[in-house]
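There are 2 protein chains.
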Amino acid sequence: MSEQRVTRPTPISGFPEWLPEIRSVEQRWLDHIRAGFERYGFASVETPSVEALDVLMAKGETSQEVYTLHRLQADADDDSDARLGLHFDLTVPFARYVAQHFNELVFPFKRYQIQRVWRGERPQEGRFREFTQCDIDVINVDQVPLHFDAELPRVVHEVLSGLDIPAWTLNINNRKVLQGCYEGLGIGDPVAVIRAVDKLHKIGDDGVRAILLDQVGLSEEQAKVCLDLAHIRGTDTSVVDEIARLGVHSELLTEGLDELGFVLDSLADLPSGSVVADLSVARGLDYYTGTVYEAAFRDDPGYGSICAGGRYENLAGQFIRRSLPGVGISIGLTRIFAKLVAEGRIATGRQCPTDVLVVVPSGERRGEALRTAARLREAGHNTEVYHQADKVGKQIRYASRKGIPFVWFPPFEDGRPHEVKDLASGEQTAADPATWSAR
Amino acid sequence: MSEQRVTRPTPISGFPEWLPEIRSVEQRWLDHIRAGFERYGFASVETPSVEALDVLMAKGETSQEVYTLHRLQADADDDSDARLGLHFDLTVPFARYVAQHFNELVFPFKRYQIQRVWRGERPQEGRFREFTQCDIDVINVDQVPLHFDAELPRVVHEVLSGLDIPAWTLNINNRKVLQGCYEGLGIGDPVAVIRAVDKLHKIGDDGVRAILLDQVGLSEEQAKVCLDLAHIRGTDTSVVDEIARLGVHSELLTEGLDELGFVLDSLADLPSGSVVADLSVARGLDYYTGTVYEAAFRDDPGYGSICAGGRYENLAGQFIRRSLPGVGISIGLTRIFAKLVAEGRIATGRQCPTDVLVVVPSGERRGEALRTAARLREAGHNTEVYHQADKVGKQIRYASRKGIPFVWFPPFEDGRPHEVKDLASGEQTAADPATWSAR
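Top to bottom, those sequences are chains A and B. Heads up, the first sequence is in the numbering used here, so the first residue is 1 and it goes up one at a time. Heads up, the second sequence is in the numbering used here, so the first residue is 1 and it goes up one at a time.
A portion of the hints provided could be inaccurate.
[What the hints assert, rightly or not] Which chain A residues face chain B? A few, computed with CB under 8 Å, are given here:
#1 9
#2 39
#3 46
#4 47
#5 188
#6 207
#7 209
#8 262
#9 297
#10 303
#11 348
[Said to hold, decoys possible] So these bits of chain B aren't anywhere near chain A, every CB distance computed over 10 Å:
#12 65
#13 72
#14 194
#15 217
#16 219
#17 227
#18 238
#19 247
#20 248
#21 284
#22 300
#23 365
#24 377
#25 391
#26 402
#27 435
[As the list claims (entries may be wrong)] Going by beta-carbon spacing under 10 Å, a handful of chain A positions derived as facing chain B:
#28 11
#29 37
#30 38
#31 109
#32 148
#33 198
#34 202
#35 246
#36 321
#37 388
#38 394
#39 398
#40 436
Note that these hints are calculated values from the structure, not bench results. Each residue gets a CB set at the ideal place from its N, CA and C atoms; glycine is no exception.
Excised from the complex, chain A in its bound form (with noise of 0.2 Å):
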């Protein structure tokens, strides 16, 4: 190939990668994350990245978000991949896989799902058109137990109380106080002030109320209880109590304010702030019916939601002839991780797994070099075999310009021991490969 044409790639904007020493915090973080689903008994899942674009569509409101794919040489005739999009979350495919596999699943099913999903979005902060999302959902035949709305938001508090980012907070609400609410308050079209509230911490109260008065058509104290209502916050059932006194009666209202005061109830061990009720929070476009979730950044709530999720009815469902409800929680792990790196928040990590390299000091010696690694590895450590003869000082800067912290000298002759050098400090001392060990 002689061909001399340079295109000097450029990255992808939307589409992150990591260098080695950011890669490797990442799949720190996706084994403490696995880990941590894995202590709940949630079991692994993973889907297809596509899925027909009926099964995408079939919750509505999202197409534009949606990728689809093409062959780049299909024939005009062959629509064979004409209906596949990539997903842009993972519920929707799950709610698909567990329809389709009903028979051989036992319920109530407890799944974990950690992959990429695509938005063809246009790229922002904390916007990405491929980022990694880490789900938890329980789907059961009929109706899922009120404790597993309470279990999720413990499972994220755990996972995320073990990596290294800033306070956050997970703020829970109930879709049924809010229609309830609003149902109670004589409104016919509870989801459009849902819609309207959402925009809350986008357009503030004034531009709430203007959309409620002129477009949804409340009158002027219909729309002040639910200002009222979107205001309430707080740490602990009192909040039920609060809501209680704004007045308004319906079953929906007094349903949910049950479900959202045994949801807090539950949680009420957690930490102070870490758990905290937000009547405005509504995941107004989402296919919630029940409990909702949505984690920000304390110190940058504008970021946006690192954390989301809620219960739905009739997701799964719609699939097949039965009730398959569940309740689910996604951490935004790409959203959260690129924002820590971008901000230099992330204590890169090791370059390369690369416990120990062993020394090459000439041709002859290789040999000897191969067995010993063999040695090492067979011991327990990742050993790199330095990949030439070279001299010595140059290996163990490669070493050290990698991050490997030991250096490993076969003898030189026979007869003299095994040495190793702690690239920390400075230290050679004899050692055997079968037997030492780097604590």
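Assemble chain B onto chain A, guided by the hints.
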């Protein structure tokens, strides 16, 4: 949501997905492969699922397999995603990665990459449209020491030997031997011969001979030597002597034989039959320039290659004004795994990672069950609390159906001890949640 549309989902051909008890085995395989790669010091890298089309096309000849992305509701004048395609292997993205991050990497750079890739192929046995590959590659500035050509098959051998898969052989060849031999025979278009010989196992001797005579324009004698060469196969360096006895001479052939001999010699300690020199291996359509690898199941070689790779000179260097040769090998994880699943040869794993199910004898006892579960989790056990108060027999059946090995009984009455039931033996004994061990 009152819609009653029911569209029972069906699998999408070429996009495999697994039930939890199969997925848990795949996850174990992935962990094993990753640990094997890290044992040799390869660092984890992930790249975006997409590349710019001109990057994907830079090596040529694969265009028909590429999936391009389109936003479902993109404006006609918005082409921001128009030049993006899903990667079809991990070598081209890695070469791009190395060129892009050249100044921030330490060379030789050894990386592993375990990701999904996509090809717009017609699905058939062993061919998927989305599948996972596990790659290791070494890229260096100017030249890659030959010992890496021997290290990669050794890593693959160790990794695959630790998985419960049918016997396989890794076939090795060297493109310099092929090209050098053809040049020594005075053949003007050695690449055309490589592509013809690459078809040997599909069309047989007569088919290849016909192409060589009729299309490439070789003489009977030239064609005979090419076919004789392709039939040479052996487990040790005696193949080098056998090739030499063909009586062909060229500088490139000598160089190739030296390299092939070195690799075979370096791997001589591996079990007989695991690595074999096979002069018919050509990887005809690929970008390899020296050593080439191709592994297949011994009892089903027609299933296709389960590992493939080789040495390439000009893949990363085309993106940057530096010479960045590399050598790499890829394990076709999905290819291997899906075959074993289809044949029922995977010993299914656990449906969920739960070690212990804590029973909830009554609603009032739920708090105690939750506290017990928390203590068991702290002690390192993956623990689930049964989702509602129910008959104990039903809770045990749930554990049994999910493959949960232990069922835990918090004290039913004050003063009684905790008890744990081993579902395999049926034995139930007193136990302390803080100190109990499953073993």
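Hint check results:
The interface hint given for residue 9 (chain A) is met, as the beta carbon of that residue sits about 5 Å from the closest beta carbon of chain B, less than 8 Å. Of the supplied interface hints, the one on residue 39 (chain A) holds, with its beta-carbon coming within about 5 Å of a beta-carbon of chain B, less than 8 Å. For the restraint placing residue 46 (chain A) at the interface with chain B, the shortest Cβ-Cβ distance is roughly 6 Å, inside the 8 Å limit, so the hint holds. The criterion of a C-beta within 8 Å of any C-beta in chain B is met by residue 47 (chain A), whose closest approach is roughly 5 Å, and the hint holds.
Nearest Cβ of chain B to the Cβ of residue 188 (chain A): about 17 Å, over the 8 Å cut. The hint is violated. The beta carbon of residue 207 (chain A) is not positioned within 8 Å of any beta carbon in chain B (closest approach about 27 Å), and the interface hint is therefore violated. Contact between residue 209 (chain A) and chain B, as hinted, is not supported at the beta carbon level, the nearest pair being about 28 Å apart and thus beyond 8 Å. For residue 262 (chain A), the interface hint is violated, the least distance from its beta-carbon to any beta-carbon of chain B being 11 Å, above 8 Å.
Look at residue 297 (chain A): its Cβ only gets to about 25 Å from chain B, farther than 8 Å, so that hint breaks. The restraint placing residue 303 (chain A) at the interface with chain B is violated, with a minimum CB-CB distance near 22 Å, outside the 8 Å limit. For residue 348 (chain A), the interface hint is violated, the least distance from its beta-carbon to any beta-carbon of chain B being 11 Å, above 8 Å. With a least beta-carbon separation of about 8 Å from chain A, residue 65 (chain B) fails to lie farther than 10 Å from that chain, contradicting its non-interface assignment.
Look at residue 72 (chain B): its CB is around 4 Å from the nearest CB on chain A, not clear of 10 Å, so calling it non-interface is violated. Even its closest Cβ contact with chain A, about 14 Å, leaves residue 194 (chain B) beyond 10 Å, as expected for a residue assigned away from the interface. Interface exclusion of residue 217 (chain B) from chain A stands, the closest Cβ pair being 23 Å apart, more than 10 Å. Residue 219 (chain B), annotated as away from the interface, keeps every beta carbon of chain A farther than 10 Å; the closest lies near 28 Å.
A cut-off of 10 Å between C-beta atoms confirms that residue 227 (chain B) is not in contact with chain A; the least separation is 27 Å. Under the 10 Å C-beta cut-off, the non-interface status given to residue 238 (chain B) relative to chain A holds; the minimum distance is some 21 Å. Separation of residue 247 (chain B) from chain A is adequate, the least Cβ-Cβ distance of about 30 Å exceeding the 10 Å criterion. Every CB of chain A lies more than 10 Å from the CB of residue 248 (chain B), the least distance being 24 Å, so the non-interface label holds.
Separation of residue 284 (chain B) from chain A is adequate, the least Cβ-Cβ distance of about 15 Å exceeding the 10 Å criterion. In this structure residue 300 (chain B) is separated from chain A by more than 10 Å, as the shortest Cβ-Cβ distance comes to about 25 Å. Interface exclusion of residue 365 (chain B) from chain A stands, the closest Cβ pair being 13 Å apart, more than 10 Å. With a least CB separation of 5 Å from chain A, residue 377 (chain B) falls inside the 10 Å interface cut-off, contrary to its annotation.
At the 10 Å boundary, the C-beta of residue 391 (chain B) stays outside the reach of chain A, the nearest C-beta of that chain being 16 Å off. Under the 10 Å C-beta cut-off, the non-interface status given to residue 402 (chain B) relative to chain A is violated; the minimum distance is some 5 Å. Its beta-carbon lying about 18 Å from the closest one in chain A, residue 435 (chain B) satisfies the requirement of being farther than 10 Å from that chain. Hint on residue 11 (chain A) holds. Least Cβ distance to chain B is approximately 7 Å, under the 10 Å limit.
This hint holds: residue 37 (chain A) has a C-beta 8 Å from the nearest C-beta of chain B, less than the 10 Å allowed. Among the interface hints, the one on residue 38 (chain A) holds; its C-beta lies about 4 Å from the nearest C-beta in chain B, closer than the 10 Å criterion. Below 10 Å, beta-carbon pairs count as interface contacts, and residue 109 (chain A) has one with chain B at about 8 Å; its hint therefore holds. Look at residue 148 (chain A): its Cβ gets to within about 7 Å of chain B, closer than 10 Å, so that hint holds up.
Residue-level restraint check for residue 198 (chain A) is violated (minimum Cβ-Cβ distance to chain B is 18 Å; threshold 10 Å). Annotation: interface hint on residue 202 (chain A) violated; nearest CB of chain B at approximately 23 Å, more than 10 Å. A distance limit of 10 Å between C-beta atoms decides the matter here; for residue 246 (chain A) the minimum to chain B is near 27 Å, and the interface restraint is violated. Because the beta carbon of residue 321 (chain A) sits about 6 Å from the nearest beta carbon in chain B, less than 10 Å, this interface hint is met.
Taken as an interface hint, residue 388 (chain A) checks out: its beta carbon lies about 5 Å from the nearest beta carbon of chain B, inside 10 Å. At about 13 Å, the closest approach between the beta carbon of residue 394 (chain A) and any beta carbon in chain B exceeds 10 Å, and the interface hint on this residue is violated. For the restraint placing residue 398 (chain A) at the interface with chain B, the shortest Cβ-Cβ distance is roughly 7 Å, inside the 10 Å limit, so the hint holds. For residue 436 (chain A), the shortest C-beta to C-beta distance to chain B is roughly 16 Å, which exceeds 10 Å, and the interface hint is violated.
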